[in-house]
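The hints should help you fit chain P onto chain E, whose structure is shown.
Same order as they appear, the protein sequences are chains E and P. Note that our numbering has the first sequence beginning at 111, numbered continuously upward. Note that our numbering has the second sequence beginning at 111, numbered continuously upward.
Hints are supplied without guarantee of correctness; some may be wrong.
Pairs involving identical chains hold if they fit within one copy or between any two copies, as the list cannot separate such chains.
Below are the DMTMM-like pairs computed for lysine to aspartate or glutamate, each with C-alpha atoms no more than 25 Å apart in a straight line [claimed, not checked]:
1) K189 with E172
2) K419 with E149
3) K185 with E158
4) K163 with E112
5) K253 with D413
6) K397 with E149
7) K230 with D187
8) K419 with D438
9) K499 with E437
10) K233 with D184
11) K233 with D528
No lab work stands behind these hints, which were simulated from the structure alone. As the structure is a computational prediction, the values presented were derived from the model and not from experiment.
Number of protein chains: 2
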Amino acid sequence: METRYPVKGLYVWLPHGLQLRNHVLAIIRRFLEQAEHREVLFPLLIPENLFKKEAEHIRGFENEVYWVTHGGRDKLDVKLALRPTSETSIYPMFALWIRSHADLPIKIYQVVNIFRYETKMTKPMIRLREVTTFKEAHTAHVKREEAEAQVQEAVQIYKRFFDELGVPYVVTKRPPWDTFAGAEYSLAFDTLAPDGRTLQVGTVHNLGQNFAKVYDLKYETPSGKHHHVYQTCYGISERVIAAVVMAHGDDIGLCLPPNIAPIQVVIVPIPYKAKEAPVGQIATVIKNELAAAGLRVHVDERDLRPGNKFYYWERRGVPLRLEIGPEDVKKNQVTAVRRDTGEKQAIAREVLETKVKQLLGRITSDLNDRAWKLFHESVKSASDMGTVKRMMEKRGGIARVPWCGEEACGKALEEQTDGDLLGEEFDGTIPTEVCPICSKKAKANVLIARTY
Amino acid sequence: METRYPVKGLYVWLPHGLQLRNHVLAIIRRFLEQAEHREVLFPLLIPENLFKKEAEHIRGFENEVYWVTHGGRDKLDVKLALRPTSETSIYPMFALWIRSHADLPIKIYQVVNIFRYETKMTKPMIRLREVTTFKEAHTAHVKREEAEAQVQEAVQIYKRFFDELGVPYVVTKRPPWDTFAGAEYSLAFDTLAPDGRTLQVGTVHNLGQNFAKVYDLKYETPSGKHHHVYQTCYGISERVIAAVVMAHGDDIGLCLPPNIAPIQVVIVPIPYKAKEAPVGQIATVIKNELAAAGLRVHVDERDLRPGNKFYYWERRGVPLRLEIGPEDVKKNQVTAVRRDTGEKQAIAREVLETKVKQLLGRITSDLNDRAWKLFHESVKSASDMGTVKRMMEKRGGIARVPWCGEEACGKALEEQTDGDLLGEEFDGTIPTEVCPICSKKAKANVLIARTY
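So that you can see chain E by itself, here it is in the shape it has in the complex (with noise of 0.2 Å):
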């Protein structure tokens, strides 16, 4: 990423980035294809009168929106938002959309660029002023309960996306005070950064009747009553993008899983004296045969050292990399090189698409096992305020702790600890033990980290 461009929060993708950005947007499609979503594009221009529609919605957003004033030399008669994201334009065409019942459910997604004033400290991929890849899928039913079977299905496509990408995550239901704007309920993904804060994700919204009623959302019952639907929306950003490089990566940098890696495979030849003509061709006929094979390969066969090129293609991840030495020619074979341990092997020709695809298949899930293994780690019950804040003060990962559900005793845990509360594990179980704050009996187990 090019981080020198002269506006605040603003970057720009280079090549392989995008690439890698590209292949993450392909398995999220994926996913949200095979459960029925269809991909539509809506306008980036919001009028102000559409946008200022909901109430409570535009309280959690006027600070953060920026408007457009002037076309040419002309100042405009309404102002156009900039969307920090699309209920406003979208919902108001769900209205022409849905007639009866048999327009409904509607499960539509877009990928698009969406635009907050942060004034906070900006980071490229964590917080922007342009979010340029935001994912926002929204639904409309015609029942509570199909809205909320939606919510479970968000979920489980989220955790799938996450699995896919190795991203050890938690799920939580965000406190009263921290649901997204016109929301009944918010929930949360959320994963660790190496500092031991941890970073949202994704986003899950039910948003009730809210929206629905602002935006007259009616369908025809068959029996010719007018009801308004109930309504979902669910995100994520290039912050997946982000946990993908804090999860995998280390002091060398990039470390991709194979999936999403725009290169899976660099082939080095080393040349040797008078001998550089047979590696160089071995090079290419194994990048053929390794392409055919439907992997993305690359022979580097620029005029550097061996060892630079290593170092290159290591800070950048590069999952898997075949070297071809002298010796390697003589014996019939490759040496592979994995970039997430460094473990050296050679590999017979004869073998050679076999065991590669055996070795990208047994990175992707060293990977995945080792973050979710550190993460687990970080994941800790702690039942007393002391461990809390301890735990807060050394920013020493997320802590799980028994809470009564009183709005009171959350906001309390938040200012004593210095820390965030996240929300009410999803699925998880009710503690036995007490709310450290009142000491009444704990309804469930909150999560509470230094949040980015």
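The following block gives chain P in isolation, referenced to the frame of chain E:
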């Protein structure tokens, strides 16, 4: 496309249209990547000071740029332009990337949304305030000749691209008064709408060193000198999709070339009394067979009359329909119907895959031939003013007119005929006639048309 979005010039891509768009984009991306262009993604917002550096360029755009002046409740210190095109955001970054001749050439492209404050009548895909789909490429080179060669490469890429879509075109060098703001010269691709007006669908600009001097793009030669680079840029937009629709569509609706059709083959089972099961089963078997062969197939299992289904898919331009009725089951065949000609034919089950692929290939070349034939008939040589005037009056296509090359005569041609001068024919022959305005020897043929 949903055209009821409540802001002039902004529209919503619906799923079927968006898929069409994405197939079109996949083709141009493939061609650009094959020619060593790399995809990037730059921010939408351009600070006023950067935007206004190139004086010519600004004059070309100042009346149509949208300005963001506020973030939340704050007035911004520096106004931000919504990019109308990205020279002024990309080239300042080139200045950081280019150090030595070894950094050149640079060949990048991006697919982004751009904005124009259009005051004329807007139209979906053709005249937009948000162009949702702008593919712009930008290059930088050591030598003038390399930039010239790049212009040629760009023209070849676009020719292949339009050929792939079956969209006919003329390529001209725009007259100086219609050159891209900041370019030395501009080449353009124009196609013809059914109403006889031309539509500009692609442009290729040789920027010379104009932007390089303004944004200080210099490289160091091997001998330590510093020179400005030479640049080109070239773009297409969703107008290309309008062009596809216009080139092949008819009174029924869309008629899509198979390579970009979201659904290439639709299967319509025609059930008959007490025999629903076999028809449905065969439809599924055939669907899986054709999908496995790499085709985009859909079975229409809705509870509608076959006739309604036929019409539904014809309007959406699906190139080939396969019907499976009682006779077909009996004879172990399917009935194939071409969208473009309505031609019906029985295909034996055992040769289905081969025959379907053959038919799709024939549809592709027939669509292409028909579109080019019509187009060629609409480009007419005319060496006297009367003929040109009459052509423009009845929007009778493109007139090829001998021209002396003088601006005064060019503008007189436009004024007296009420047509627009597209420009000199690219790779055209030198005419033997005289310029109909000044009667001097013509230097080139110029194309004149009513334009969108």
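Status of each hint after checking the structure:
1. In this homomeric assembly, K189 and E172 come within 25 Å of each other (Cα to Cα) both inside a single copy, at 13 Å, and across copies, at 19 Å.
2. In this assembly of identical chains, K419 and E149 lie within 25 Å of each other by CA distance solely across copies; the values are 23 Å between and 40 Å within a copy.
3. With identical chains, the CA atoms of K185 and E158 are at most 25 Å apart both within one copy (14 Å) and between copies (17 Å).
4. Proximity of K163 and E112 under a CA criterion of 25 Å is satisfied inter-copy only: 22 Å between copies versus 38 Å inside one chain copy.
5. Within a single copy, K253 and D413 get their C-alpha atoms only as close as 65 Å, which misses the 25 Å cut-off; across copies the closest is 24 Å, which meets it.
6. Only between protomers do K397 and E149 lie at most 25 Å apart by alpha-carbon distance; the minimum there is 23 Å, versus 35 Å within a single protomer.
7. Proximity of K230 to D187 under the C-alpha cut-off of 25 Å is restricted to the inter-copy arrangement: shortest distance 17 Å between copies versus 31 Å within a copy.
8. For a Cα distance limit of 25 Å, the shortest separation of K419 from D438 inside one copy, 18 Å, qualifies, whereas the shortest one across copies, 62 Å, does not.
9. Taking identical chains as interchangeable, the C-alpha atoms of K499 and E437 are never at most 25 Å apart, the minima being 58 Å within one chain and 78 Å between chains.
10. In this homomeric assembly, K233 and D184 come within 25 Å of each other (Cα to Cα) only across copies, at 21 Å, whereas the closest approach inside a single copy is 34 Å.
11. Taking the shortest alpha-carbon separations for K233 and D528, only the intra-copy value of 22 Å comes in at or below 25 Å, while the best inter-copy value is 55 Å.
When each numbered hint is compared with the structure, a violation occurs for hint 9 only.
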